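Sequences listed follow chains A and U, in order.
Its first residue numbered 1, the first sequence is counted upward by one per residue in my numbering.
Its first residue numbered 1001, the second sequence is counted upward by one per residue in my numbering.
No lab work stands behind these hints: they were computed from the structure.
Where hints are given, some of them may not hold.
Pairs of lysine to aspartate or glutamate residues, derived as EDC-like cross-links and limited to a Cα-Cα distance of at most 16 angstroms, are as follows [what the hints assert, rightly or not]:
1) K23/A - D85/A
2) K23/A - E97/A
3) K23/A - E89/A
4) K53/A - E97/A
5) K23/A - E1040/U
6) K23/A - E1037/U
7) K117/A - E1037/U
8) K23/A - D91/A
9) K23/A - E92/A
Quick list of the computed label-pair ranges, beta carbon to beta carbon [as the list claims (entries may be wrong)]:
10) E1036/U - Q112/A: 18 to 24 angstroms
11) D91/A - S1047/U: 39 to 45 angstroms
12) W1045/U - T64/A: 33 to 39 angstroms
13) S1047/U - G29/A: 49 to 55 angstroms
14) T25/A - T1049/U: 50 to 56 angstroms
To spell it out: a stretch of chain U is covered by chain A in this simulated footprint if at least three of its residues, at any positions, have a beta carbon under 8 angstroms from a beta carbon of chain A; those stretches are [what the hints assert, rightly or not]:
15) 1016 to 1025
16) 1036 to 1049
Please read these numbers as outputs of a predicted model, since none were measured by experiment.
Every residue gets a Cβ at the ideal spot worked out from N, C-alpha and C, and that includes glycine.
The lines below spell out each chain.
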Amino acid sequence: MSISLVLIPLTMAAVGAWQASRKETDADGRTVCHVQTRMRDSELLIAALTDTKAAVTRSAQTITADWHGVRAQFQRDSSGIWQVDFTGEVDEQRAPEIVSAIDQAYGRQVQQTVLAKLLDRAPSAGMTVASQTVEDDESVTLVLNVGARS
Amino acid sequence: MGIEQIVVRVAPNGAIHAETIGLKGPKCLETIALLEELLEAQTVWSSFTSEYDEVPIGTQQAIGVDDELRQH
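Bound-form chain U, shown alone:
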């Protein structure tokens, strides 16, 4: 698994910009709720990038194992 980071920039007017690095799929949505809770803030704008649609390697392996188990 690659590095997973959240970059949070807090402006002097109080506005917050956050970007995730290396977080794929559903983990992105979890990040929104996590940041809203941690920062006591409300998301007013969001944008998904191509990385969101990528399937984490760990998930691919898990699905494969699951499928194999069902066949037996």
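Isolated chain A (complex conformation):
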């Protein structure tokens, strides 16, 4: 081995994980649980929410997801990362559980996107796929031959 790397796709913030829930009360007296996510890409977020069986609606600045009794409203923070406010049948314990489920679905979307990009772009970089393996932990390993690269 000559070098070992860990990379984080630009569709994800380079923070360890989503941040803990913070409970607030809005102007209407409703309890709002606020959670900072690590998600950046709106299309992948919508796909992840759809994977969690949410009814998703989108406006110019927000993405809204509804499950039975719970509403999540996503907005970008100043660095472009989605943050979410939960209302409805949700508390400081439940909100992180829901975000964890969304985060896992988002991760799978990112995984598929990364693999698609790699398979699509490798030939133009002079690489060929020697093997593709799905591991026990659902990771996917691609071995690329780079001999053809100049």
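Could you slot chain U onto chain A? The hints should help.
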């Protein structure tokens, strides 16, 4: 020249681990930029191994030829 490969493992949480095999010297650094571009990703950790410090055989020969040319 031996086999040159890049092993890319993409986890279900989206994180990417990559290792090179048989790539020596500056080619390793080129690999970082190449993968970042191909994957639209940012390197957050890297580690060089002993193979990085090895000089590719082709490079050794090229330097030798170059030196000989300068002497004449």
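Open item on the list: For K23/A and E1040/U, compute the direct alpha-carbon distance and say whether it is at most 16 angstroms.
Closed with: violated, 35 angstroms
TODO: Given the hint that K23/A pairs with E92/A, test it: the Cα-Cα distance must not exceed 16 angstroms.
DONE: The hint holds at about 6 angstroms.
Open item on the list: With the threshold set at 16 angstroms, check whether the alpha-carbon distance from K23/A to E89/A stays at or below it.
Closed with: holds, 13 angstroms
- [ ] Could you check the hint for me, namely that T25/A and T1049/U are 50 to 56 angstroms apart, CB to CB?
- [x] holds, 54 angstroms
Task: Given coverage of the stretch 1016 to 1025 of chain U by chain A, tested with a Cβ cutoff of 8 angstroms and a minimum of 3 residues - done: Coverage by chain A holds here, the residue count being 9 at a Cβ distance below 8 angstroms.
Open item on the list: K23/A and D85/A were given as a pair; does the straight-line alpha-carbon distance stay at or below 16 angstroms?
Closed with: holds, 9 angstroms
Open item on the list: Between the beta carbons of D91/A and S1047/U, is the distance compatible with 39 to 45 angstroms?
Closed with: Since D91/A and S1047/U have Cβ atoms about 42 angstroms apart, the given range 39 to 45 angstroms holds.
- [ ] Could you check the hint for me, namely that E1036/U and Q112/A are 18 to 24 angstroms apart, CB to CB?
- [x] holds, 19 angstroms
- [ ] Take the C-alpha atoms of K23/A and E1037/U, compute the straight-line distance between them, and say whether it is at most 16 angstroms.
- [x] violated, 40 angstroms
Task: Straight-line alpha-carbon gap K53/A to E97/A, limit 16 angstroms - done: Measuring from Cα to Cα gives roughly 15 angstroms; hence the hint holds.
TODO: Mind checking the hinted window 33 to 39 angstroms against the Cβ distance between W1045/U and T64/A?
DONE: holds, 36 angstroms
Open item on the list: Taking 8 angstroms as the Cβ threshold, is the statement that the stretch 1036 to 1049 of chain U is covered by chain A upheld or broken by the three-residue rule?
Closed with: holds (count 13)
In terms of the numbered hints stated before, the structure departs from hints 5, 6, listed from lowest to highest.
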